[in-house]
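If you're matching them up, the sequences are chains A and B in order. Heads up: the first sequence is residues 26 to 215, going by this note's numbering. Heads up: the second sequence is residues 0 to 593, going by this note's numbering.
No lab work stands behind these hints, which were simulated from the structure alone. Please note that the accuracy of each hint is not assured.
A few chain B residues that don't get close to chain A, going by computed Cβ distances all over 10 Å [stated by the list, open to error]: (1) 179; (2) 185; (3) 230; (4) 451; (5) 530; (6) 569.
Straight-line distance between alpha carbons at most 30 Å, and here's what the computed DSBU-like set of lysine-lysine pairs gives [stated by the list, open to error]: (7) 406(B) to 125(A); (8) 93(A) to 405(B); (9) 550(B) to 93(A); (10) 93(A) to 52(B); (11) 174(A) to 261(B); (12) 174(A) to 446(B); (13) 93(A) to 261(B); (14) 125(A) to 593(B).
None of the values given here were measured: they were computed from a predicted structure. Note that CB positions come from ideal geometry on N, CA and C, so glycine has one too.
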Amino acid sequence: MGSFGERVGRRAILKAGIALGIQLSLARESPGQQNGASQRPREGDLLVKVGDATVTPLTPADIPVGVKQTMAWPMDPMDKTVRNGSRLNRVLLLRLDPEKLSPETKSRAADGVLAYTAICTHTGCEVTEWLADEQLLVCPCHESRFEPKDGARVVDGPAPRNLPALPLKLMDGTLVVAKPFTASVAFEVQ
Amino acid sequence: MKSNHKILRSATLAWALTFLFTGAFTMAAQTPAAQTTLAQPSSPVPAVLQNYKRVTAERLRNPEDGDWLMVRRTYNGWGYSPLFQITTGNVERLQPVWVLATGVNNGHEAVPIVNDGVMFVATPGNQVIAIDVRTGTILWRYRKQLPDDVVLLHPTSRGVALYGDKVFFASGNAVLVALDVKTGKEVWSTKVAENQNGYYMSLAPLVAGGKVMVGASGGELGIRGFVAAFDPDTGKELWRVYTVPAPGEPGSETWPKGDQWKTGGGPVWVTGNYDPETNLAFWGTGNGGPWMGDQRPGDNLFVASTLAIDVATGKIKGYHQYNPNESWDWDEVSPPLLIDYKRGDRTIKGLIDVARDGYLWFLERTDGAINFVEGEPYVKQNVFKSVDPQTGRPEVDPEHKPGTGKKIDFCPSHWGGKNWPPVAFSPTTRMLYIPANENLCATITAKEVEYSPGSPFTGATSTLALAPGADHIGEVQAWDVDTGKRVWTHTYAKSPNWGPMLATAGGLVFSGGTNDRKFHAFDASTGQLLWEFPTNSGVIGQPSSFMVDGKQYIAVQSGWGIDSRAMEARLNTLFPGEYPEVPEGGAIWVFAVK
């Protein structure tokens, strides 16, 4: 109980600090892990594979072409905080032939690598499945299917909207977040 | 507070002041968000609540004819009202008395529970509304905000439970709460399981033997299912029994030697029935985890089973497993109804289960063991070649059993011949009323899957198909429990059926379930459709009937969503334009004969 309470206390301080506009001094004084780990990905974030204890930033070469998605977390490039404090930060990475991508999707890809939220817009399940023949993303909970070559639009199932994309770019050969999610990561809880 | 002191000691005075100030600030900001009750705190308790009739154990066992105090009204699970003012002769004059928007979308599945003129309705959005039946006035409204990263694959509630002066509600993030019936405010709340590990709740609690019982959903997320009992006064956990045994416990011999039991599934997401004579509660369990049985070789007790659980101790006293080594996503969560039925000259103290596997199972209940009597399909079923006449164990056709690295088709689909919507039984007609989906088959393609807490753990994708020659899907079936024969069938030409059933002593059966937004009334004896009413959305709620000031009412929620919507979407992909989206948005409807 003690340590849990302490953590909550720190979070309270952090939240309060933001509210009072003294975020900078706080960031220096406290570890900030809770906060940074839960923040949505930002421009400049790196990507690391889920479960990779070495937290090695991913490059396009780590993502095989045309196969099942790789699950990843964004990582703060400065303090190396892996943003795994909220499952809403989990992203899926695919590498597809850039010539087969729609113009908008192509503009968000880095060397054919695409990032979308792994959280289905229906009820928030993780989009873990891949139909190899059709090259479609599938949420196994309610079988919503998404077309990754075209903005992850819904092609089947109950999902109400496409998967928000996370635009990527390359910096020194490493995958880097170019812009925040194209839409808020959320799902139906009512 | 102890931990706060620790921080204070290690901080400067300025920091201490910041913390104290902002601690209060944060709390003030969060408390109202966590729980919103719209009634003014200072406003007097409405008269109808001041005079609230306490719900006693005796009233739960023998409810007044005009009340509907629990999900299926009575512990035997019949979904039957003894009221008979509304009849086959006057139902055509049934009209809305009032309607109330719930303010939320998605699947409204909960039953309007009514105690002496006060109605309690749970909705999606983690909401409970108390209403004065006479006027349709909201008495209080409770909302429990869910975290934005909540794991909640089926955001609905199937109802509340009443006991004493409290209302019990299973919050979506696996927290059980007790509300003060007079104010709608939380009396206590207890975390039941870790939501981020895939445990969530959608069922109505069961109050029996002086305890409040719940189970948890999460069969697609590698949970280990359980039923747990809590003290209604304090929320203290009294016992917990897992539906998947740990090594060394009875039934563990049906699991492989590895760790599969830890993620074996067997979720519990529909309220159990109860036999006061034996103090046994009958709970149903869902699919195994992962979906493919060949990744957990063995029968996998007590997955896809009915369990007889001693309410005093939480011990499993008996069971019947419908689908050994479950591999079809056939959750058998709907509990069997307690019905004593005849076979020849013999009357059997029975349990009747309409299973997702497409079979109608006649069983026998005792003070412990559950005995098999007979089983037969009520929809097209190509998986069971036969059923052992002594034990009820099915002989499974390997051609139609999904497996890892295979693509297998089977009927009925993974949604089952009947999904969760409850059946009803009328002691007047001696018939059981089943909301069935005929002619639906599925294909499952499966592979190995790795467990990650809170992530999908099915290892499968599926497609839906219609059986060759099919001309309809949705049905209402009526079966005579004493002959074991089907008496009538009503078919819906262009819709599946997701409608829970209500039977009444007025010779009527009520049910929604169709994509045309209609609520239907049938002649219970003949199946003739006598009345229909198009509501705001599709009706997948459990109807109830009750009496206030000498007048009989029928109530139901309309609000399409969850699996009914998912199935509609997939059918529309198969047959473009034929199964259009059903409008969403919830409402509570109350009908009476004018």
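Here's how the hints hold up against the structure:
| no. | hint | result |
| --- | --- | --- |
| 1 | 179 | holds (24 Å) |
| 2 | 185 | holds (19 Å) |
| 3 | 230 | holds (22 Å) |
| 4 | 451 | violated (8 Å) |
| 5 | 530 | holds (31 Å) |
| 6 | 569 | violated (7 Å) |
| 7 | 406(B) to 125(A) | holds (29 Å) |
| 8 | 93(A) to 405(B) | holds (18 Å) |
| 9 | 550(B) to 93(A) | violated (61 Å) |
| 10 | 93(A) to 52(B) | violated (59 Å) |
| 11 | 174(A) to 261(B) | violated (38 Å) |
| 12 | 174(A) to 446(B) | holds (24 Å) |
| 13 | 93(A) to 261(B) | holds (27 Å) |
| 14 | 125(A) to 593(B) | violated (64 Å) |
The structure is inconsistent with the numbered hints 4, 6, 9, 10, 11 and 14, although it conforms to all the rest.
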